[in-house]
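Sequences are here, hints too, so could you generate the full structure?
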Amino acid sequence: MSLVNHIAAFTNVLGAQHPDIVFGFASIDWASDEDRNQFINELVTLNDNKKIGE
Amino acid sequence: MARGGYRAPSNEKRAAVSNPGSGKRTDGMAGTKQAMREIPSNGERGYRKETADATQGAPLAGSRAQGPSAAQVRQASMSEPVLPINAPTQREGTPVTNGFMVGPGVTPEPEVPDRFAMIKAYKDVLDTKAAQDGQSEGFRLFWKSVLSQARNN
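Residue numbers (this note's numbering), protein chains in the order written: chain A, 5 to 58; chain B, 133 to 285.
Keep in mind that the hints were calculated from the coordinates and are not lab data.
Some chain A residues judged to face chain B by a derived CB distance under 10 Å, without partners named:
1. I25
2. A35
3. N41
4. N45
What follows is a list of derived Cβ distance ranges for each label pair:
5. N41(A) with R272(B): 18 to 28 Å
6. E38(A) with Q267(B): 25 to 35 Å
7. N218(B) with D39(A): 50 to 60 Å
8. P23(A) with R283(B): 18 to 28 Å
9. D37(A) with S211(B): 54 to 64 Å
10. S36(A) with R283(B): 17 to 27 Å
11. R283(B) with D24(A): 23 to 33 Å
12. E38(A) with S211(B): 42 to 52 Å
13. S36(A) with S209(B): 43 to 53 Å
Here chain A is said to cover these stretches of chain B; the calculated rule only asks that three of the stretch's residues, wherever they fall, bring their Cβ under 8 Å from a Cβ of chain A:
14. 246-258
15. 263-274
Virtual Cβ for every residue (Gly too), placed ideally from N, Cα, C.
Structure below.
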């Protein structure tokens, strides 16, 4: 996943009105791309479960 | 005597054809031990003997692998006694459902993969980032919410 898609995934999860949150996560020094992608997948899972922000 | 015209193919077995690089032998010697070959020593003293000694120790490609024959394997398996189906149990006191998800006996715990392993792995990094000066309140609240929900799932 490219950085653009990475940001887009966060934006999709959090909403475009939270760019500070998006870039807060994007600036993390990930050990690998796999780690980063897995992290995003887990956020998406939480979001799909309607758990974030409740 | 007729000449020319159609000639039906004979039933004789045709000679095998090997494509270059396929490694298939066409001389009917497949599976037999390869003969020892001499390699030019290029003038190096003792090279030929050293090579011959080394190749004698291991089977060359195409030779049959050394191992127990099928008969030996069969004999070894027959030497163990076979319990008849109506024989008394060899495990007194162990329920027949031991190891199953239902019934008496040991019930294995189902393996539940940690769906949020990476969120937990990066907890310290993101905790530090959330605590940094200048970090937005939105980021802090969001990360707190993510952690809380990941723990409960």
